[in-house]
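Trainee: Can you make the complete structure from the sequences, with help from the hints?
Order-wise, the sequence lines are chains Z and H. Once you know that position 102 of the first sequence is 102 in our numbering, the rest is easy, because the numbers rise by one and skip nothing. In our numbering, each residue carries its 1-based index in the second sequence increased by 1000.
Hints are computed from structural coordinates only; laboratory data are not their basis. Treat the hints with care, since some could be wrong.
The calculated lysine-lysine pairs, modelled on DSSO-like cross-linking and capped at a C-alpha distance of 30 Å, are [to be verified]:
#  : chain 1 : residue 1 : chain 2 : residue 2
1  : Z       : K310      : Z       : K327
2  : Z       : K310      : H       : K1041
3  : Z       : K208      : Z       : K219
4  : H       : K1225     : H       : K1122
5  : Z       : K323      : Z       : K310
6  : H       : K1095     : H       : K1225
7  : Z       : K276      : Z       : K126
8  : Z       : K310      : Z       : K126
9  : Z       : K310      : H       : K1045
10 : Z       : K126      : H       : K1225
11 : H       : K1041     : Z       : K208
12 : Z       : K318      : Z       : K39
13 : H       : K1041     : Z       : K219
14 : Z       : K208      : Z       : K39
15 : Z       : K171      : H       : K1133
16 : H       : K1041     : H       : K1225
17 : Z       : K126      : H       : K1045
18 : Z       : K276      : Z       : K323
19 : H       : K1045     : H       : K1187
20 : Z       : K39       : Z       : K310
21 : Z       : K171      : Z       : K276
Calculated from the model, a selection of chain Z residues having no Cβ within reach of chain H, i.e. all distances over 12 Å [stated by the list, open to error]:
#  : residue
22 : L213
23 : S220
24 : S355
25 : T390
26 : H392
Even glycine gets a Cβ: it sits at the ideal position worked out from N, Cα and C.
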Amino acid sequence: MKHYVKMAASAIALTCATAAFAEPQAEVLHYWTSGGEAKSVAVLQQEFADNGGTWIDMPVAGGGGDAAMTALRARVLSGNAPTAVQLKGPAIQEWYEEGVLADISAVAEAEGWADVLPASIAGHMKCDDIWCAAPVNVHRVDWIWANADVLEANGITMPTTWDEFNAAAEKLQAAGITPLAHGGQAWQDATVFEAVALGILGPDGFRKAFVDLDMDTLKSDGMVAVFDQMRTLRGYVDDNFSGRDWNLATAMVINGEAGFQIMGDWAKGEFIAAGKVPGDDFLCLSTPGDGFLYNVDSFAMFDVDGADKKAGQELLAKLTVGKNFQKVFNLNKGSIPARTDVDLADFDSCAHLSSDDMSASADNGSLLPSYAHGMALRGAQAGAITDVVTAHFNSDMSSADAVQMLADAVANSM
Amino acid sequence: MTEWLERHIPKMVLAPSFIAILVFVYGFIAWTGWVSLTRSKLLPKYDIVGLIQYERLFDSPRWDTALTNLWIFGGLFITTAMVLGLMLAILLDQKIRVEGALRTIYLYPMALSMIVTGTAWKWIMNPGLGLQKMVQDWGFENFTFDWVINPDRAIYAVVIAGVWQSSGFVMALFLAGLRSVDGEIIKAAQVDGIPNWRIYTAIIIPSMAPVFLSAFIVLAHLAIKSFDLVIALTGGGPGYATDLPATYMYAMAFSRGDIGQAASSAMVMMAVVFAIIVPYLYSELRAKHD
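Mentor: Written out as structure tokens, the structure is:
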């Protein structure tokens, strides 16, 4: 009996000892599973391990994150949430409202995140007043990509207004080239739509319509003009676009079958993988109009028990926003660092443009969340808008009808 | 003791599956019904707020499209598959050679999953690389077959793929039905000099009524829960032109974090299934009672 007590005591002592020197441990649920993305996240894994942490990888592929969210829901409902989860935008706030996110303010304040992150991006990382997520990168959504040779052969310069874009597209069409490479999937329709909306409504109008869901703006004449431009763009797309993946559309620009593509800067990775040089072989410019639409990936930190997991969470948060990871990860992924004080010497000209525009738009208040990529609105509202956009783009619905439908759909989704 | 065992063993053996069905089928139906009365978003909540999710559902133009598509798809899929299946069965029933091989060929599509059928037909019907391009390359420049990318026609493209998949199975059902008709009656009719088509319309087909009913029930539930075919063939597009209730439910539950809305659409789907199955069960049970 005495023997047992001794053993139990030493077992308890052992447990306490492990707790005191808790090895940082983090279970990370993410959906960065494709080639370039997996390589990017491996950078973080390596860095985590170098700092003495144990990384438990939990990649869930499929459905653009839908499968990962289903897995997350099951884990949270069973009371066993992962340490950190790849989440973004209002989804972070939605989970916070379910009362399952952790407070990482201590790390954020020690590392001075508030000083190095643009205010509107930092806003997404905060739940009420506490920090609950760490930003990984900034993708810009409102880009036009173009094949430099095709443009030169037809005497076209990069368009800076939508009228210029339409004129350039007419020229290309006359020359027998598809003006706009596009894939007919709802999210791609929405990506083009929000770029057009930003240009025509302006940053303030965009914020009112897609962040505040202001009914007057949603039903305004400006919105009718946005749908008119979408109808015009529909005429510049080839007949066979339905269901095409975005990277196949990018390939059309790479091969010179098409002149332009409107797509976020993940498209750059396709150009570079094909051995093309920015500025020489392909051109990048923001879509006509002011403003900057961002799509920020982040790790949301969930409430976990145990000192080792908490230590892992803090280490992960610190490393994620650290300069080194921000640089290496974003070089791999084609995006730019979320923090503004990273040296961009190794980045290409498109990333420089993106970074300059981000700083400028952060100063004048036109740094805006992308609605099409789930940064501006919750799933139900964003989905309702996308339904209307894609229904309009894929039919002969009039712009006035589309605007009415848009207002109804948003009201119904509340 | 043995007597007691004899009496109770069947119940004991059946009990686990009975309990499993009670919980995992009827229990979860009740759970879904409950959730459909709440404002559940990302995670299920249990405060009942009334019929708001159903109001939202029937205000949604996308759900309208999904239901309309269900009627179009269901109606055309069931009738075309039954008519084609019956014709194939009658043709095969003419005591032809290599019937076994032919029957296998027609039945084979059933062995494929709907995902494979959908993907194959997506390529066949894609205007840029399938049928349209092939015929145009043969020199018929004006030939167009772009249903799969035309929002007004895309649902018919889904019907084509569905019928291709299922008509062989219906044929097998009907063939069995044809063979079960009493040969003596047919011979008697032939002796009386009744033409072959009259034998089919007046004797054989009417006596196959139960087979029609089974075929209808099987096809109807295939149509209502059809999901993978649409996902593989069109992804619900162009736009949401080929959305069906099942794909709508999936989008709401898993992409949009709108569980209440998904639950209400699932309940409506179940109501549609019940509207078909209950009369069938009723007639079955009554027949036994007589």
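Trainee: Next step is simple, just say for each hint if it's right about the structure.
Mentor: Okay, the hints, checked on the actual structure:
Between K310(Z) and K327(Z), the direct Cα distance comes to roughly 25 Å. Compliance with the 30 Å bound is thereby established for this hinted pair. Between K310(Z) and K1041(H) the alpha-carbon distance is near 28 Å, which keeps this suggested pair within the 30 Å criterion. Restraint check for K208(Z) and K219(Z): the C-alpha separation of about 11 Å stays at or below 30 Å, so the hint holds. With a CA separation close to 20 Å, the supplied pair K1225(H) and K1122(H) stays within the 30 Å bound.
With a CA separation close to 22 Å, the supplied pair K323(Z) and K310(Z) stays within the 30 Å bound. With a CA separation close to 37 Å, the supplied pair K1095(H) and K1225(H) exceeds the 30 Å bound. Distance restraint check for K276(Z) and K126(Z): the Cα-Cα separation of roughly 39 Å exceeds the 30 Å cut-off, and the hinted pair is therefore not satisfied. A C-alpha spacing of about 18 Å is found between K310(Z) and K126(Z), which places the hinted pair at or below 30 Å, so the restraint holds.
A threshold of 30 Å between alpha carbons decides the hint, and for K310(Z) with K1045(H) the separation of about 29 Å falls inside it, so the pair holds. For a cut-off of 30 Å, the pair hint linking K126(Z) to K1225(H) is broken: about 42 Å separates their Cα positions. Restraint check for K1041(H) and K208(Z): satisfied, since their Cα atoms lie roughly 24 Å apart, inside the 30 Å limit. Restraint check for K318(Z) and K39(Z): the C-alpha separation of about 20 Å stays at or below 30 Å, so the hint holds.
Using a Cα cut-off of 30 Å, the hinted pair K1041(H) and K219(Z) holds, with the two alpha carbons roughly 27 Å apart. Between K208(Z) and K39(Z) the alpha-carbon distance is near 38 Å, which puts this suggested pair outside the 30 Å criterion. As the CA atoms of K171(Z) and K1133(H) are separated by approximately 27 Å, the hinted pair is consistent with the 30 Å bound. The straight-line distance between the Cα atoms of K1041(H) and K1225(H) is roughly 24 Å, inside the 30 Å bound, and the hint therefore holds.
Taking the CA atoms of K126(Z) and K1045(H), the gap is near 25 Å; set against the 30 Å cutoff, the hint holds. This hinted pair checks out: K276(Z) and K323(Z) have alpha carbons roughly 28 Å apart, not beyond 30 Å. For the given pair, K1045(H) sits about 67 Å from K1187(H) by alpha-carbon distance, which is inconsistent with the 30 Å threshold. Of the pairs offered as hints, the one joining K39(Z) and K310(Z) holds, with about 26 Å between alpha carbons and a cut-off of 30 Å not exceeded.
Restraint check: the Cα-Cα separation between K171(Z) and K276(Z) comes to about 24 Å, which is no more than 30 Å; the hinted pair holds. Under the 12 Å C-beta cut-off, the non-interface status given to L213(Z) relative to chain H holds; the minimum distance is some 16 Å. Every Cβ of chain H is farther than 12 Å from the Cβ of S220(Z); the closest lies at roughly 21 Å, confirming the non-interface assignment. Once the 12 Å rule is applied to beta carbons, S355(Z) is consistent with being away from chain H; the minimum gap is 32 Å.
At the 12 Å boundary, the C-beta of T390(Z) falls inside the reach of chain H, the nearest C-beta of that chain being 4 Å off. Under the 12 Å C-beta cut-off, the non-interface status given to H392(Z) relative to chain H is violated; the minimum distance is some 8 Å.
Violated hints, in rising order: 6, 7, 10, 14, 19, 25, 26; the structure is consistent with all others.
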